[in-house]
Structure formats: C-alpha cells, structure tokens
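Chemist: The primary structure of each chain is shown beneath.
Protein chains: 2
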Amino acid sequence: MAYELYYWPGLQGRGEFVRLALEDAGAKYIDVAREKGGMNRMMAMMKGEGEKRPPFAPPFLRNGKLVIAQVANILFYLGPRVGLAPKDENARLWLNALQLTVTDFVKEVHDTHHPIATGLYYEDQKAEARQYASHFLKERVPKYLGYFDGVIEQSGGPYLLGRRISYPDLSLFQLVEGLRYAFPNAAKKFEKKLPRVIEVHDRVAERDGIKAYCASERRIPFNEDGIFRHYPEMDA
Amino acid sequence: MAYELYYWPGLQGRGEFVRLALEDAGAKYIDVAREKGGMNRMMAMMKGEGEKRPPFAPPFLRNGKLVIAQVANILFYLGPRVGLAPKDENARLWLNALQLTVTDFVKEVHDTHHPIATGLYYEDQKAEARQYASHFLKERVPKYLGYFDGVIEQSGGPYLLGRRISYPDLSLFQLVEGLRYAFPNAAKKFEKKLPRVIEVHDRVAERDGIKAYCASERRIPFNEDGIFRHYPEMDA
Numbered sequence: 024m025a026y027e028l029y030y031w032p033g034l035q036g037r038g039e040f041v042r043l044a045l046e047d048a049g050a051k052y053i054d055v056a057r058e059k060g061g062m063n064r065m066m067a068m069m070k071g072e073g074e075k076r077p078p079f080a081p082p083f084l085r086n087g088k089l090v091i092a093q094v095a096n097i098l099f100y101l102g103p104r105v106g107l108a109p110k111d112e113n114a115r116l117w118l119n120a121l122q123l124t125v126t127d128f129v130k131e132v133h134d135t136h137h138p139i140a141t142g143l144y145y146e147d148q149k150a151e152a153r154q155y156a157s158h159f160l161k162e163r164v165p166k167y168l169g170y171f172d173g174v175i176e177q178s179g180g181p182y183l184l185g186r187r188i189s190y191p192d193l194s195l196f197q198l199v200e201g202l203r204y205a206f207p208n209a210a211k212k213f214e215k216k217l218p219r220v221i222e223v224h225d226r227v228a229e230r231d232g233i234k235a236y237c238a239s240e241r242r243i244p245f246n247e248d249g250i251f252r253h254y255p256e257m258d259a
Numbered sequence: 024m025a026y027e028l029y030y031w032p033g034l035q036g037r038g039e040f041v042r043l044a045l046e047d048a049g050a051k052y053i054d055v056a057r058e059k060g061g062m063n064r065m066m067a068m069m070k071g072e073g074e075k076r077p078p079f080a081p082p083f084l085r086n087g088k089l090v091i092a093q094v095a096n097i098l099f100y101l102g103p104r105v106g107l108a109p110k111d112e113n114a115r116l117w118l119n120a121l122q123l124t125v126t127d128f129v130k131e132v133h134d135t136h137h138p139i140a141t142g143l144y145y146e147d148q149k150a151e152a153r154q155y156a157s158h159f160l161k162e163r164v165p166k167y168l169g170y171f172d173g174v175i176e177q178s179g180g181p182y183l184l185g186r187r188i189s190y191p192d193l194s195l196f197q198l199v200e201g202l203r204y205a206f207p208n209a210a211k212k213f214e215k216k217l218p219r220v221i222e223v224h225d226r227v228a229e230r231d232g233i234k235a236y237c238a239s240e241r242r243i244p245f246n247e248d249g250i251f252r253h254y255p256e257m258d259a
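Those protein sequences? They're chains A and B, same order as listed.
Using our numbering, the letters of the first sequence map in sequence onto residues 24 to 259.
Using our numbering, the letters of the second sequence map in sequence onto residues 24 to 259.
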C-alpha cells in the first residue's frame, strides 16, 4: 500500500523534507492534497472527523490506519523503513536530534519573512523582516550550518553519520537549495565556510531518486508561498 | 546510575520540560550545570571534546555513554523508561507529535520577547515584542491550547491519552504555569475556553512528585531569563 502524504499544494514548504526522503527511497506515495478532492480530505482529517488523534498541522503521513504528524516524527518513522536510517536505537535518537535541529532552523528561515505574525502579510512586517534577516544571515546561518559542518567532520564524512547516508543529509540538501534561492548573494559568501555541508548537498543532488525527482513536475519550484522566499531587499 | 541533565543554570527554560518528567517519575538525576564545575563540563561537551555526536544546544541528557539532545527527543527516550509513555510504537509516535507541537509553541512563547533576534536584548526589540505578543495572545494561544483541549476531548480525558497520564501532560502543566506567570491578565480570559487543559494542569499539580518538586529548591522560580517572562507591558 502507498504512503499518503498530506501537505498544502502549491508550495514545497515543510512537506518537502518528507517528499525528498520518499523520492530518494523510491517509496510509493500519494501527494493527497494535489489530487482531486484531496484538499477536502486533508481538511477533514485536521478537523478531527473520524480521527481519534487529529494532527495539529500539515505535513502528516498516513500509512494504513496510522497517522503521523510533524516532519521530524514522520522521518523518524520512515527512516529505517525506507533505508535512510539504521535500526539501532542510539543512532536513531542521534538522527532525530539532528533533524530537530533542522526543524528549529527551518522555523527561523520562515521567520525571516514573518517575524511579527504568521497571520499578517509579509508586506505588513517588511521593515522587521529586514532586521530579522540581517541577524539571521550574520548569526544564525553560520551557527546552525557550521554545527552541521562540524558534525560531518567529527563523523569522518562524507555524510552526517559517516560513510552512510541518512535522512537528515537530504534535509541539508534542501536547506542549501532553499538558502541559495532565497539569499543568493549571502549564500555565495557563507558557503565558503561550509565545505562539508556543500559536499553533502552535491552528493545528494547526484542521487538517482533525487535527480529524477528534481527534474519532474512533482518538484514544485521554490516560490513566495513557501518557507524559502526570495525577497531581494533581504539579501545583503 | 543516575541520569545527567545538562541545562543552563538559573532558569527553567526548555530544561524544565525534562525536569518535570524526571521529578514526576522519581528518577535519579543530576542537574549537572548547577553543580560545582558543571558549567565547564557542559561547555566541553558542546564543543565536541571527546564527543563523536556533540549536541547543538542544551538541554541534553546523558545516560552512560548515550547523549540525547532536544527536549522532545529526550522525552521520547525517557517516556517508556520512567512510566510516562506506553511502549507501543504508534502511541509513542502520537505522543511525540504532541510534544513537538509543544516545542513549536514554546518557540513562539520565547519569541514574544525576542521577535527580531536572540542575540539582541529585549530592550532593543521592545516595540516589536509588543506587536508580536498581541498577535500571539489573540491568535496563537487559542490555536495551540485549543488544539490540546480538543485532543483531550477526543481521547475521553482526563489526559491527552485518555485515562493514562503521559509526559506531554506534564508539559501542558508547565505551559499553563508559564503563561500565568508571563501574562496573568490574558491568562484569566483564555483559560475559560480551555477547561480540559486546565484540568490536566490541576491534576498534574497534585501529583506527589510534582508537588514535592515545586515546593523544593530544585524548582527555579520563573524569571526574566527564561522562556516565560513577565513584562507587564505585553500583558493586554
């Protein structure tokens, strides 16, 4: 049976971190909200209709009767099942800590364009967004990505776990892609200090599943509805 | 052997969600950074000295050689070991989704006083903080806590899982305590719409381990270094 992924259609967003794992692994899945009637099905599940355990927000994954919300939680579940994580508990907890650090970073990326309120338009918080983005690029990008670069160094590389690829490596690929889209000028500079993260990105980009996916229509282009948005005024 | 908890001394912060689980369960643990020389030990671990898998940030928990970072990840590990989660995988994934929703909310609580940059003082982002807090109280508190209230309703109550308490219930207790400290006026109003969350809070407050802990010196009082800060100008 195919996995069912529920996520807002029309943007990569947080759902993309799950898509990349499913696509890399060649797992069968349905991107429900992009199918006819899918949005209604997604909204019904969020309202808790017939769900004992309703998810707070997309993305969530359904496998049979099991519904799993939260990106890191979905990947924790999928990882060993699709060959993107070892089965050993200690390694899984370590990967989960890494993925949750990705989650924290993604929230800060989102807040570069929405520092005051998710309920307001970008245009209504533009000045604050510029301030936020300037601190973000100066302090937070080097802190988070520098951490991941150090982890790869400690592991012996080329991946976060060492010789074996795992799902947070796919997320690093997406972070680099997204930051290049949103902040092309800044990225040129900060990438120089992240040789190991960039190597992970380049290796992931060459994987069969990812290559085919990125060339397909299933990969929604980056746009200004997603997490990574290109507003030139924010790119130093 | 006792668990070792590593967290900044002098504030409850994110470490508190772990402390509450350890205390409720009566688990033996050392609050390392509050002991003599503990801060140095914590900083050394974060620098990766002797650590193959260095944590990004506190809190982290050590059990023998295993080091686990990220609150939700620590609680995922501890839950079934200290009797605060079932061992069944599906239930654990569900609790993890709930705890990660707590994590998301806690980040927004933090951002009420730091909307622009963690690296700046509150005083440098006071106007933006007021704006943020006003949206937070109006839109985000009802959204998150209303969700948890609905989950308790669906489960049949009185707890998130139904009749059995689990670690995210302890986190709900902390959210209510913290919001009452930070936003006493607003809390009086929004609590009226959250009868089930408040019942969880009240039940947790009466548990032996939690009662003893809150009366002890181990419970650091809320203060303006933590996640929940009382700035009267932000409390509508």
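One or more of the hints may lead you astray.
Any copy, or any two copies together, can satisfy a pair, since identical chains are not distinguished.
[Stated by the list, open to error] Here are the computed lysine-lysine pairs in the DSS-like style, where the Cα-Cα straight-line distance is at most 25 Å:
{"no.": "1", "residue 1": "Lys110", "residue 2": "Lys75"}
{"no.": "2", "residue 1": "Lys166", "residue 2": "Lys130"}
{"no.": "3", "residue 1": "Lys161", "residue 2": "Lys215"}
{"no.": "4", "residue 1": "Lys75", "residue 2": "Lys211"}
{"no.": "5", "residue 1": "Lys88", "residue 2": "Lys51"}
{"no.": "6", "residue 1": "Lys75", "residue 2": "Lys216"}
{"no.": "7", "residue 1": "Lys70", "residue 2": "Lys161"}
{"no.": "8", "residue 1": "Lys75", "residue 2": "Lys166"}
What the hints contain is simulated information worked out from the structure, not anything from laboratory work.
Chemist: All hints are to be evaluated individually against the structure, with a verdict given for each.
Modeler: Now for the hints, and whether the structure bears them out:
With identical chains, the CA atoms of Lys110 and Lys75 are at most 25 Å apart between copies only, with a shortest distance of 19 Å across copies and 29 Å within one. With identical chains, the CA atoms of Lys166 and Lys130 are at most 25 Å apart both within one copy (15 Å) and between copies (18 Å). Taking the shortest alpha-carbon separations for Lys161 and Lys215, only the intra-copy value of 14 Å comes in at or below 25 Å, while the best inter-copy value is 43 Å. Taking CA atoms no more than 25 Å apart as the test, Lys75 paired with Lys211 passes in neither setting, with 48 Å inside one copy and 30 Å between copies.
With identical chains, the CA atoms of Lys88 and Lys51 are at most 25 Å apart within one copy only, with a shortest distance of 17 Å there and 38 Å across copies. Proximity of Lys75 to Lys216 under the C-alpha cut-off of 25 Å is restricted to the inter-copy arrangement: shortest distance 21 Å between copies versus 47 Å within a copy. In the homo-oligomer, the alpha carbons of Lys70 and Lys161 lie at most 25 Å apart only across protomers (20 Å), although the nearest pairing inside one protomer, at 40 Å, exceeds that limit. Taking the closest pair of Cα atoms, Lys75 and Lys166 come within 25 Å of each other only across two copies (18 Å); inside a single copy the shortest separation is 40 Å, beyond that limit.
Hint violations for this structure: number 4 only, all remaining hints satisfied.
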